[in-house]
Amino acid sequence: MDHSHDHHHAPPILGHSSLVTRPTCYLCSVDPRARLLVAVAFSVVVAVLLKSPTALWLALAVGIVAVAMARLRPMAVLKRLVPFNLLVLVLFLVLPLTKDGQPLVTLLGFDLTGEGFLQAGRIALKGNAILLTLMVMLGTLDVGILGHTLSHLRVPDKLTHLLVFTVRYLDVLHREYLRLAAAMKTRGFRPRLNRHTLATYGYLVGMLLVRSFDRAERIVAAMKCRGFRGRFYLLDHFSFSRRDVPFCVVSIVTLLALIVVQYT
Amino acid sequence: MHISEAMLTDSLEGNLALGAGMALAAAGTAVGLRKMDYERIPQVAVLSSAFFVASLIQIPGPIAVHLVLNGLMGLILGWAVFPAVLIALVLQAVLFLAGGLTAVGVNTVVMALPAIVCYYALNRSARSASEPVAFLAGFAAGATGVLLGIFLAAAALITAGEEFKLLGEGAVLWHLPVAVIDGLITGSAVVFLRKVRPELLEAPLLANQVEVTHG
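First to last, the sequence lines map onto chains A and B. Residue 264 is where the first sequence ends in the numbering used here, and the numbering goes up by one at each step. Residue 215 is where the second sequence ends in the numbering used here, and the numbering goes up by one at each step.
Hints in this document: simulated from the structure, not taken from any laboratory. All residues carry an ideal CB built from backbone N, CA and C; glycine is no exception. Treat the hints with caution; some may be incorrect.
What the hints assert, rightly or not - Derived DEER-like restraints, expressed as beta-carbon distance ranges: (1) A/A41 - B/W174: 26 to 36 Å; (2) A/H196 - B/W174: 31 to 41 Å; (3) B/E131 - A/S239: 40 to 50 Å; (4) B/Y38 - A/E115: 47 to 57 Å; (5) B/Y38 - A/R73: 24 to 34 Å.
To be verified - Using 27 Å as the maximum straight-line C-alpha spacing, the simulated DSS-like pairs for lysine-lysine come out as follows: (6) A/K99 - B/K165; (7) A/K158 - A/K224; (8) A/K99 - A/K51; (9) B/K35 - A/K158; (10) B/K165 - A/K51; (11) A/K224 - B/K165; (12) A/K185 - B/K195.
The whole structure should be built from the sequences, with the hints applied where relevant.
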C-alpha cells in the first residue's frame, strides 16, 4: 500500500496554524523519509560545516527559494521566525561587547568589536537558513506519520511507539487541560502572581497527571483486550518512486554546492 | 531553556559540546528504553503528553514564565524521562520549530539529566508520610530541575565561547524566579498526588519490578 500521496498536509495541533495552504503540493507527495533525511542533512551541513559569510548567505538564499517554491503561507513563515530573531537581536547587542577583537567604535566607554558583529551575523544567517528549510521539509509533514517514517528509518521500536502514542494523546490531553481550566474559571479563579494561584496550578498539574494516568490504564486494558502482544504493526509503507528523484537530486546538488562554496 | 544550534556551532568547542550532548542523550535514552517495557509505553506517553500540555501554562506576572516541570517529570517517570524529553523536543522542533534538530541532544541532556538527579535524590522524600516533607521534596525537585538545567545550558554556551559568558549569566539570573515558581508548583502537585493517587509517585519503581518478574 502506498500512503505517501494520502497525507497532504499537517493538521493543526494545539491550535497552531498550518504552514501549507493548498491541499496538494509536490513536496507533500515526496516520500516522507526523503524529506526527513534532507532536513537532517541540511541542518547538519549548515550548522556544523558552513562558516564563511558567502556560504551562509547562499544557505539563507536556498532557504528563501525553498520556501517560495513550496509556496508556504508567508505570514505563518514570518511568525515562526520571530522567536529566533529576537534572540538574534540580543546577540547583536551583546556579542560586540563581549567578543575579543579590534574595537570598531567606542560607545559610552564600551568597545564594540567588529568580530562580535560578524559573529552575530553568522549566527543570524545560519539559524534562519536552517529554520526556513526545516519549515519546508517538516512543516509539510504530518506528525501522524512521523512515527512510521522514523520506524522505516530503523529508529528503535520503543522510541517510535512512544512518539506515536505521545502524538496521539497530545490533543486529547490539551482538551482535558482546557476542560479543567474552564472549570476553574467558572468557579471564579483568576490567576495572579500569588501563593494561592501557584498552589492551584500545582493541583491543576496534579489533576492532569492523575487523569492521564487513569487514561493510560484504560488504554493498556483495551490493548490487552484486543490481544496486544508487545509489538505494533506498521500500516503505512512508503515507496520511493520516480516522483521523488527530482527532489533528491536537487537537494543533494544544493548541499554539495554549499560545501564546495565553503571549502574553495 | 532551549539552546539554539546556530549559537553553539560557531566554534569547534561548541561543536564538540553539541556532539557530547548527542552522545549523552543517546546513552540516557538507551537506559530509559531498556528500563521501560512495552506495557509501560502508553503510560509514559500519556504522562509526557500531559507534561507537554502543562508546560504551555503561563504564569501571570511581570515576566512571561512557562512551567518547565522537569523535576516533577523525573520524580514520576524515573529513567523514562530521557526518551520522553527527547520525543517532546523532536515534536517541538517539528511542530513549533523551537530548538532545531542538531541541538536536540544537548537540549535533552539539559532537561533530562537534572530530572534524573531529582529522581534519585528526592523520590523517597516525595513519598514521605509527612506532608511538609513531601512538599519540600517537591519544591526542591522543581527548583533543582530548573536551576541545574539552566546551569548545564549556560555551561554548554560558555564552552562554545567566552563571549557567551554574559548571556549565560543573564540566563541563570532570569531563571532564578522561574525556579522558585516551578518549585512551589511542583511542591503543591506532589502534595496533591500523594493524597489523590500515590501510585503515580511510585510508578518508576513499579516499572523495575515488572522488569524483574519478566526476567
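Do the hints match the structure? See the list:
no.	hint	in the structure
1	A/A41 - B/W174: 26 to 36 Å	holds (35 Å)
2	A/H196 - B/W174: 31 to 41 Å	violated (25 Å)
3	B/E131 - A/S239: 40 to 50 Å	violated (59 Å)
4	B/Y38 - A/E115: 47 to 57 Å	holds (53 Å)
5	B/Y38 - A/R73: 24 to 34 Å	violated (40 Å)
6	A/K99 - B/K165	holds (10 Å)
7	A/K158 - A/K224	holds (17 Å)
8	A/K99 - A/K51	holds (17 Å)
9	B/K35 - A/K158	holds (11 Å)
10	B/K165 - A/K51	holds (22 Å)
11	A/K224 - B/K165	violated (53 Å)
12	A/K185 - B/K195	holds (24 Å)
Hints 2, 3, 5 and 11 from the earlier list are contradicted by this structure; the remaining hints agree with it.
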